[in-house]
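Novice: Sequence:
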Amino acid sequence: MAMSILTPTTSTQVSVSNKMIGAIMGRSGCRINQVRHESNADIKISKQEPGVEDRIITITGTPEQIQNAQFLLQMCVKRYGDQI
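Numbering (full-length UniProt numbering), first residue to last: 1 to 84.
These are computed hints drawn from the structure, not numbers from a lab. Mixed in with the good hints, there may be bad ones.
Stated by the list, open to error - When the alpha-carbon atoms are kept at most 25 Å apart in a straight line, the in silico DSS-like pairs for lysine-lysine are as follows:
#1 K78 with K44
#2 K19 with K47
#3 K19 with K78
#4 K78 with K47
#5 K19 with K44
Said to hold, decoys possible - The calculated label-pair distances, taken between Cβ atoms and stated as ranges, are:
#6 Q48 with L6: 33 to 39 Å
#7 K78 with T12: 30 to 36 Å
#8 G81 with V52: 28 to 34 Å
#9 C30 with T60: 20 to 26 Å
#10 E49 with V77: 19 to 25 Å
Every residue, glycine too, gets a C-beta built ideally from N, C-alpha and C.
Sequences are here, hints too, so could you generate the full structure?
Specialist: The structure is reproduced here in structure tokens:
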């Protein structure tokens with residue numbers, strides 16, 4: 001019987017300006033869904049709260065998945081952030 005070794009998962013939170021959420025989300029969530037797919041990380045974005053300038057992105061996965069997701073999110077902001 002083969003046994004699989006589970007890699008422990010962890011979570012990290014990143015604060016992102018409301019102005020940059022569109023660069024991360026993309027139209028109909030296409031960019032954030034691509035980041036989720038490519039990184040295999042679970043990514044949740046908090047709802048916009050009145051009077052709060054930032055949104056919290058919670059990334060859950062293995063350390064490698066989290067690092068990959070953070071990199072891909074940064075690329076979204078760099079590439080699409082100036083279009084907002």
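Novice: Next, verify each hint and record whether it holds.
Specialist: Okay, the hints, checked on the actual structure:
1. K78 with K44: Judged against 25 Å, a Cα distance of about 20 Å means the pair holds.
2. K19 with K47: Cα-Cα ~13 Å, so holds.
3. K19 with K78: 13 Å, holds
4. K78 with K47: Holds. K78 to K47 sits at ~22 Å (cutoff 25 Å).
5. K19 with K44: 17 Å, holds
6. Q48 with L6: 33 to 39 Å: 35 Å, holds
7. K78 with T12: 30 to 36 Å: Violated: the Cβ-Cβ distance is about 20 Å, outside 30 to 36 Å.
8. G81 with V52: 28 to 34 Å: Violated - the Cβ-Cβ distance for G81 and V52, about 19 Å, lies outside 28 to 34 Å.
9. C30 with T60: 20 to 26 Å: Holds, at about 21 Å.
10. E49 with V77: 19 to 25 Å: Since the Cβ atoms of E49 and V77 sit about 21 Å apart, the hinted range of 19 to 25 Å holds.
Checked against the numbered hints given earlier, the structure breaks hints 7, 8 and satisfies all the rest.
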